[in-house]
Each structure stands twice: as structure tokens, then as C-alpha cells.
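> Chain by chain, the residues run as shown.
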Amino acid sequence: MTDLFPGFLTLSAAMFALGALGVMVRRNPLVVFMSIELMLNGGNLALVTYARYTQTMAGQVFALIVIAVAASEVVVGLALITLVYRSGRHLDVDELSEMSE
Amino acid sequence: MTVIFGIAAVMAFLGAAGVVLSRRTIYSALSLVTNMIALAVLFLLLDAQFLAAVQIIVYAGAVMVLFVFIIALLAPGAEERLRPLELRVLVGGIAAVGFTLLVARLALNGITVSASGQFHGGLGPFSPQAVNAHGQVQTLGEQLFTTFLLPFEVTSVLLLVAAVGAVYLSRHRRTVR
Chain A
1 MTDLFPGFLT LSAAMFALGA LGVMVRRNPL VVFMSIELML NGGNLALVTY
51 ARYTQTMAGQ VFALIVIAVA ASEVVVGLAL ITLVYRSGRH LDVDELSEMS
101 E
Chain B
1 MTVIFGIAAV MAFLGAAGVV LSRRTIYSAL SLVTNMIALA VLFLLLDAQF
51 LAAVQIIVYA GAVMVLFVFI IALLAPGAEE RLRPLELRVL VGGIAAVGFT
101 LLVARLALNG ITVSASGQFH GGLGPFSPQA VNAHGQVQTL GEQLFTTFLL
151 PFEVTSVLLL VAAVGAVYLS RHRRTVR
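These protein sequence lines map, in sequence, to chains A and B. If you're matching positions, the first sequence starts at 1 in our numbering and goes up one per residue. If you're matching positions, the second sequence starts at 1 in our numbering and goes up one per residue.
Here chain A stands alone, though its shape is the one from the complex:
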């Protein structure tokens, strides 16, 4: 049953592309973080799809690890965002460019 295999892969690619688009065009750092979650989820879907259709276990194991990585990334990222907000700056990634100067 490889009939739905292209469907799963295309959906995962669409989710990844939408997440990348969100990272590129949105200015709110919270939405940027949600878009990163979207990209990780798209990758997860591809991993589980390949695990199912090649009948191996590595994809599922690494999907589990990706979920753990995403959770720790959200914890640190949201702590950074609240820190930036508390220091009185506007929540806009385009205005947070002073580190590059």
C-alpha cells in the first residue's frame, strides 16, 4: 500500500514550506516561533511516513527526539522573548537587530 505515500510526503513538504514562509515574512517573534514548530512538525511527518513505508523504526525514534528538541527550544525561546519584552522593547524581530551592529 504505497498509494498514500506521495500524499503524506507532499503534505509534509507543504507544512515545511509554509513554516519557512512564516519565518521569513512575519515580524512577531511569537509567530516566528510557531512557524518553526510548523517546520519541525513537517519534518516529523516525513520521518514517520518513511518509517511506515520502509517498515523501519528509526523514523519514529527520531520523530520522538525531534519532539523533545522542539519542546526544549520553545522553553528557551519563550524565556528570551519575555526577557526582551521586559526590557521595554517592542515585539518585532526587525527592530531587534542591535546584536548585528
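Don't take each hint at face value.
Said to hold, decoys possible - Taking beta-carbon pairs under 7 Å as the criterion, some of the chain B residues facing chain A (in silico): (1) V20; (2) L46; (3) V63; (4) A96; (5) F99; (6) V103; (7) F119; (8) T155; (9) A166; (10) S170.
What the hints contain is simulated information worked out from the structure, not anything from laboratory work. Please read these numbers as outputs of a predicted model, since none were measured by experiment. The beta carbon of each residue, even a glycine, is placed where N, CA and C say it ideally should be.
Given the coordinates of chain A, work out where chain B should sit on it, guided by the hints.
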């Protein structure tokens, strides 16, 4: 099965589009919850029951509750609407559609599946029947603690570092401007 896949795929896609296109942050968060629940359904279709449960509990539960808490705490205002003719939106949209079409083309008759519908590396021993006979969680756990022990341990170190880092960052400091 195809019908369930269609419904879940449309839900997942609309949720993903909602994250990027919503003007209010809270609508983006709710779209992401929709996307993750649809993704859990897709995991069930792929015979990954444990991952579907983890997806609901960790993502739609813990991570999104954290997001909604932060959104309620910071109360960010609505952004201006995305203008589709702005250069970066236009280029990003074209790149996203192109990438999706490329992967669809490759998945339909591409590099990973040969013309007869077989995978090049052959099939592994973990067919859904074998996994379910042994137990889904048992199989995953045995793999996690034997073949994939090193990534598992590295992940636990990463979680520790993330917890320490979050505590350090959220410590109240008066020196911060």
C-alpha cells in the same frame, strides 16, 4: 482510509496556513493546535499510535499551553495585514509553492521509490503486524534503549541544558535595561 487522510490533510494544511496568515497571535496559536491534532490523526493512519498520543500530550497540550500563556502575558497587538505584492511575501510564496511542487513530483515518481513501487533499500523487519504483535511502545522503547541509546542520552542532556537555561534567563535581574 483515503477519506480520513483527505480530511486530516486538509485540516493540517488549513491550520498551517492559518499560522502564517492570521493577523492576531492567538489565532495563529489556535491554528497551530488544529494542525497538530490533524497531524496526530495522520500519525494514527501511519500506524504510529504512541507518537500520536505524544503529539497530543506534548505539543497540543504542554507546548501550546505555554504559547497561549505567553501570548496572554505579553498581549501582542494585531499585525498589519500581509500585502501579497510586497517583494519578500511574493518571493517567499513562490519559493514555498515551488518547493512543495518539487517534493510532490519527486514523491510521485522520484528518487526514493523505484518504478515498481519498491524502496531501494528494501523493507525492514518492523512491519505494522510485527510491531503490533510485539507491542508498539515495547518496540519503540527497546529500539530507544539499544540501537538509539546515544541520541536518547544526548536528548536528555539537551533537556537539562534547556531547563537550566530557561531558569537562568527568567531570573529577575535589575541590570537588564
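> Return the status of the interface hint for V63 (chain B): holds when the least beta-carbon distance to chain A is below 7 Å, violated otherwise.
It holds, given that the least Cβ distance between V63 (chain B) and chain A is near 5 Å, below 7 Å.
> Restraint: L46 (chain B) near chain A, CB-CB cut 7 Å. Satisfied or not?
Holds: closest Cβ of chain A sits about 4 Å from L46 (chain B), inside 7 Å.
> Against chain A, with CB atoms and a cut of 7 Å, does the hint on T155 (chain B) hold up?
holds, 5 Å
> If you take the shortest Cβ to Cβ gap from A166 (chain B) to chain A, is it below 7 Å?
holds, 4 Å
> Holds or violated: is there a CB of chain A closer than 7 Å to the CB of F119 (chain B)?
holds, 5 Å
> Can the hint on A96 (chain B) be confirmed by a CB-to-CB distance to chain A that is less than 7 Å?
holds, 4 Å
> Would you settle whether the hint for S170 (chain B) is holds or violated, based on the nearest Cβ-Cβ distance to chain A being less than 7 Å?
Cβ of S170 (chain B) sits 5 Å from chain A, so the hint holds.
> Given F99 (chain B) as an interface hint, is its Cβ closer than 7 Å to any Cβ of chain A?
Nearest chain A Cβ about 5 Å off; hint holds.
> Is the interface hint for V20 (chain B) satisfied, with its Cβ closer than 7 Å to some Cβ of chain A?
holds, 4 Å
> Double-check V103 (chain B) for me: the hint is only fine if its C-beta lies closer than 7 Å to a C-beta in chain A.
holds, 4 Å
The structure is consistent with each of the numbered hints, conforming to all of them.
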